[in-house]
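Chemist: What follows is the residue order along each chain.
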Amino acid sequence: MSKSTQKSETVLIRGKAFWKEGTSPEHPVVVLVGQWKQDTPLQEAPVWNFPDSPKTLAFDCTGMEGWDSSLLVFIRRLAALAEQYQVDMQWDGLPAGLRRLENLAGKTRPPASELPTPNEDTWFQRLGMQTMVIVKTVEDVLGFCGEFCMSAVRMLTLQFNIPWRDVGEQLLRTGPKALGIVSLISFLMGLVLAFIGAIPLQMFGADVYIAMLLGIGLLRLLVPVMVGVVIAGRTGAAYAAELGTMQVNEELDAFKTLGISPMEYLVMPRSLALTIMMPPLCVYADIVGVLGGLTVALFKMNLTALEFFTQLISSTSCRDLLVGLFTCLVFGLIVSVCGCYHGMTCGRSAESVGKATTAAVVNSIIYETIATAVITILTTQLHI
Amino acid sequence: MPESPEIVLEVQDLTMRYGNRLIQGNLNFTVKKGTVLVIMGSSGCGKSTLLRHLIGLQRPYSGRILYSGQDFWQCDEEARKTLLRKFGILYQKGGLWSSMTLAENIALPLKEYTTLTKQEIDEICELKLSLVGLGGFGNYYPSEISGGMQKRAGLARAMALDPEILFFDEPSAGLDPISSRRLDDLIQELSASLGSTIVIVTHELASIMAIATDSIFLDAVEKTITAVGNPRELLHNSTNPRVREFLSRGEEKA
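From first to last, the protein sequence lines stand for chains L and H. Numbers in my numbering are just positions in the first sequence, counted from 1, shifted up by 68. Numbers in my numbering are just positions in the second sequence, counted from 1, shifted up by 26.
FYI, nobody ran anything at the bench for these hints, they're computed from the structure. Among these hints, one or two may not hold up.
[Unchecked claim] Pairwise CB distance ranges, derived in the manner of DEER restraints:
#1 L:Ile264 <-> H:Glu103: 51 to 57 Å
#2 L:Trp232 <-> H:Asn165: 46 to 52 Å
#3 H:Gly70 <-> L:Ile249: 26 to 32 Å
#4 L:Ser121 <-> H:Gln145: 23 to 29 Å
#5 H:Asp97 <-> L:Trp232: 53 to 59 Å
#6 H:Ser68 <-> L:Leu149: 30 to 36 Å
#7 L:Ala164 <-> H:Gln38: 34 to 40 Å
#8 L:Asn171 <-> H:Ser88: 43 to 49 Å
[Said to hold, decoys possible] Keeping only pairs whose Cα atoms sit at most 20 Å apart, straight-line, the calculated SDA-like set for lysine to any residue is:
#9 L:Lys105 <-> H:Lys119
#10 H:Lys107 <-> L:Asp107
#11 L:Lys88 <-> L:Lys123
#12 H:Lys112 <-> H:Asp102
#13 H:Lys144 <-> L:Gln111
#14 L:Lys123 <-> L:Met157
#15 L:Lys84 <-> L:Glu207
#16 H:Lys107 <-> L:Thr108
#17 H:Lys58 <-> H:Asn256
#18 H:Lys144 <-> H:Asn165
#19 H:Lys144 <-> L:Ala113
#20 L:Lys105 <-> H:Ala218
#21 H:Lys112 <-> L:Gln103
#22 L:Lys324 <-> L:Arg222
#23 L:Lys105 <-> H:Asp102
#24 H:Lys137 <-> L:Asp107
#25 L:Lys423 <-> L:Leu397
#26 H:Lys119 <-> H:Ile147
#27 L:Lys105 <-> H:Ile81
#28 H:Lys58 <-> H:Glu32
#29 L:Lys105 <-> H:Asn165
#30 H:Lys144 <-> H:Gly162
#31 L:Lys105 <-> H:Asn256
#32 L:Lys423 <-> L:Phe263
#33 H:Lys144 <-> L:Leu80
#34 L:Lys105 <-> H:Ile147
#35 L:Lys123 <-> L:Thr91
#36 L:Lys105 <-> H:Leu110
#37 L:Lys324 <-> L:Ile230
#38 H:Lys58 <-> H:Glu215
#39 H:Lys144 <-> L:Thr108
#40 L:Lys105 <-> H:Cys101
None of the values given here were measured: they were computed from a predicted structure. Note that beta-carbon positions come from the ideal geometry of N, C-alpha and C, so glycine has one too.
Start from the sequences and build out the full structure, keeping to the hints where you can.
Modeler: Here it is as structure tokens:
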């Protein structure tokens, strides 16, 4: 044993290795024995730090039973040390396969100067880049909306063949197939609103006005908002995921290179279908919501159906219904534009499809809320 | 007298179906340790499907797939996991996890199956990337590198656990002839150095001729294996006209 191994410091290595004096202290031999595999338990070994300044380093692998890359890792560590201390590594004692692998790994390593350096930007650069991202996004959004409007005009003036088959399919997907969840949510909305409304109304003995509360509250506001949220989560997300996946699979590129505008071929049928489908969905949800309220009125507030509907009809005007329908129409447009925009501008990885879907739903809901506020303020100010 | 090489993989009477459609039937072949087996055949003959069966992604309709004598579909969950640990698979498009960096891609199998320390894992990642010529690219995401580099990174991940048997699905698809040649050389070098057994699915003739020590030909018409052997010999000796047509790039008509 050379003096170098008498240090108390140890390192953990896979497999067993000894440090043996060779022909002279200047020519030590590393003896490798046993298994050198990734699942061999870690062993303690003394730290070798070349204090005797040997000239060469040889290897003896006759006692070695098996090896894999964990041995190569160990040898590369030694080689790095050897280079540092200018010791001549003698590779010929090592398995031939290992030498070839090391050759391959060493040969193909690009020089440090050619290696791309990871970005380390100052906060100022990051601020600049973030600003550029915002500018780019605004540009993209405006560009998309512009193209959307142009295509919509071209579609409405029948300047291109509307793919009716696609429109039909989308109508089916956004309308009838959403009835289940829309029914559930609007029925419960009506139910809950009636329950909550009943508390103050019963205090004043004004039970019958529950119909008015339901009529105006549901028709004008709650039903459109709830339908909008459901559709954003259901259809908007589907649009974004679908178009995003098409982007990943280069399907959108295939459309573009064929000279077919994905805007006309993919976005228009979806927007058209959703915008057409929203008002009927809204009417349906209105009816189910009122029925939910009626249930409470009948069984909790002891009103008769006749009283309920008489009050409903006399207090609710066609205007309330129309405002609700208009809101829903706007929502249909918002959801389809958001969904399609985020799908079309999706990146090219699985992760970006997820991000696009999230962005589509979140933005749909944000813009829906803004639109609701604007419509509500405008209509009340204008006494509509 | 040298002992006969150990049989790593044995397929017995394998029949593959999609629903009612027969893909390939009555497949029988063995792969010996340290050989490079090429599964060849025209497009759509079921090469990739066979590979999916071999790596346990799809259950055979009938027949058995044995690894060192152990039936992949009959053994319990634990044994199957042990078998899977011995596989290294390079998917057609790389199959790299896009939300992870290259180093993380390679580190995941190591973390999952070994007790290696963080430092060792880092060193092994760097080593494997160096082996495929991507040393220093560990912090890159798959989307930031080219298709050929993704392929090589996929190979580095396939080799992470020093597998006993490596499967390649169309390794040269989408690569230029030079990159494709380099990948072939790399595969050969790695199999020679690590002693791994290799199963390759490809229809790239240049690769087949360069690296195969053994091959099977899946016939799209007869829906079974119609030729077994070294492809260079099959080109001249095969009695099956379709095999010769395939291996001569259609110059010899069937």
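Chemist: For each hint, tell me whether it holds in the structure or not.
Modeler: Checked hints:
| no. | hint | in the structure |
| --- | --- | --- |
| 1 | L:Ile264 <-> H:Glu103: 51 to 57 Å | holds, 53 Å |
| 2 | L:Trp232 <-> H:Asn165: 46 to 52 Å | holds, 50 Å |
| 3 | H:Gly70 <-> L:Ile249: 26 to 32 Å | violated, 41 Å |
| 4 | L:Ser121 <-> H:Gln145: 23 to 29 Å | holds, 27 Å |
| 5 | H:Asp97 <-> L:Trp232: 53 to 59 Å | holds, 54 Å |
| 6 | H:Ser68 <-> L:Leu149: 30 to 36 Å | violated, 54 Å |
| 7 | L:Ala164 <-> H:Gln38: 34 to 40 Å | holds, 36 Å |
| 8 | L:Asn171 <-> H:Ser88: 43 to 49 Å | holds, 46 Å |
| 9 | L:Lys105 <-> H:Lys119 | violated, 30 Å |
| 10 | H:Lys107 <-> L:Asp107 | holds, 15 Å |
| 11 | L:Lys88 <-> L:Lys123 | holds, 14 Å |
| 12 | H:Lys112 <-> H:Asp102 | holds, 16 Å |
| 13 | H:Lys144 <-> L:Gln111 | holds, 16 Å |
| 14 | L:Lys123 <-> L:Met157 | holds, 9 Å |
| 15 | L:Lys84 <-> L:Glu207 | violated, 63 Å |
| 16 | H:Lys107 <-> L:Thr108 | holds, 18 Å |
| 17 | H:Lys58 <-> H:Asn256 | holds, 13 Å |
| 18 | H:Lys144 <-> H:Asn165 | holds, 16 Å |
| 19 | H:Lys144 <-> L:Ala113 | holds, 18 Å |
| 20 | L:Lys105 <-> H:Ala218 | holds, 18 Å |
| 21 | H:Lys112 <-> L:Gln103 | holds, 17 Å |
| 22 | L:Lys324 <-> L:Arg222 | holds, 18 Å |
| 23 | L:Lys105 <-> H:Asp102 | violated, 25 Å |
| 24 | H:Lys137 <-> L:Asp107 | holds, 12 Å |
| 25 | L:Lys423 <-> L:Leu397 | violated, 26 Å |
| 26 | H:Lys119 <-> H:Ile147 | violated, 25 Å |
| 27 | L:Lys105 <-> H:Ile81 | violated, 23 Å |
| 28 | H:Lys58 <-> H:Glu32 | holds, 6 Å |
| 29 | L:Lys105 <-> H:Asn165 | violated, 26 Å |
| 30 | H:Lys144 <-> H:Gly162 | holds, 17 Å |
| 31 | L:Lys105 <-> H:Asn256 | violated, 33 Å |
| 32 | L:Lys423 <-> L:Phe263 | violated, 39 Å |
| 33 | H:Lys144 <-> L:Leu80 | holds, 12 Å |
| 34 | L:Lys105 <-> H:Ile147 | holds, 13 Å |
| 35 | L:Lys123 <-> L:Thr91 | holds, 12 Å |
| 36 | L:Lys105 <-> H:Leu110 | holds, 17 Å |
| 37 | L:Lys324 <-> L:Ile230 | holds, 17 Å |
| 38 | H:Lys58 <-> H:Glu215 | holds, 18 Å |
| 39 | H:Lys144 <-> L:Thr108 | holds, 16 Å |
| 40 | L:Lys105 <-> H:Cys101 | violated, 25 Å |
In terms of the numbered hints stated before, the structure departs from hints 3, 6, 9, 15, 23, 25, 26, 27, 29, 31, 32 and 40, listed from lowest to highest.
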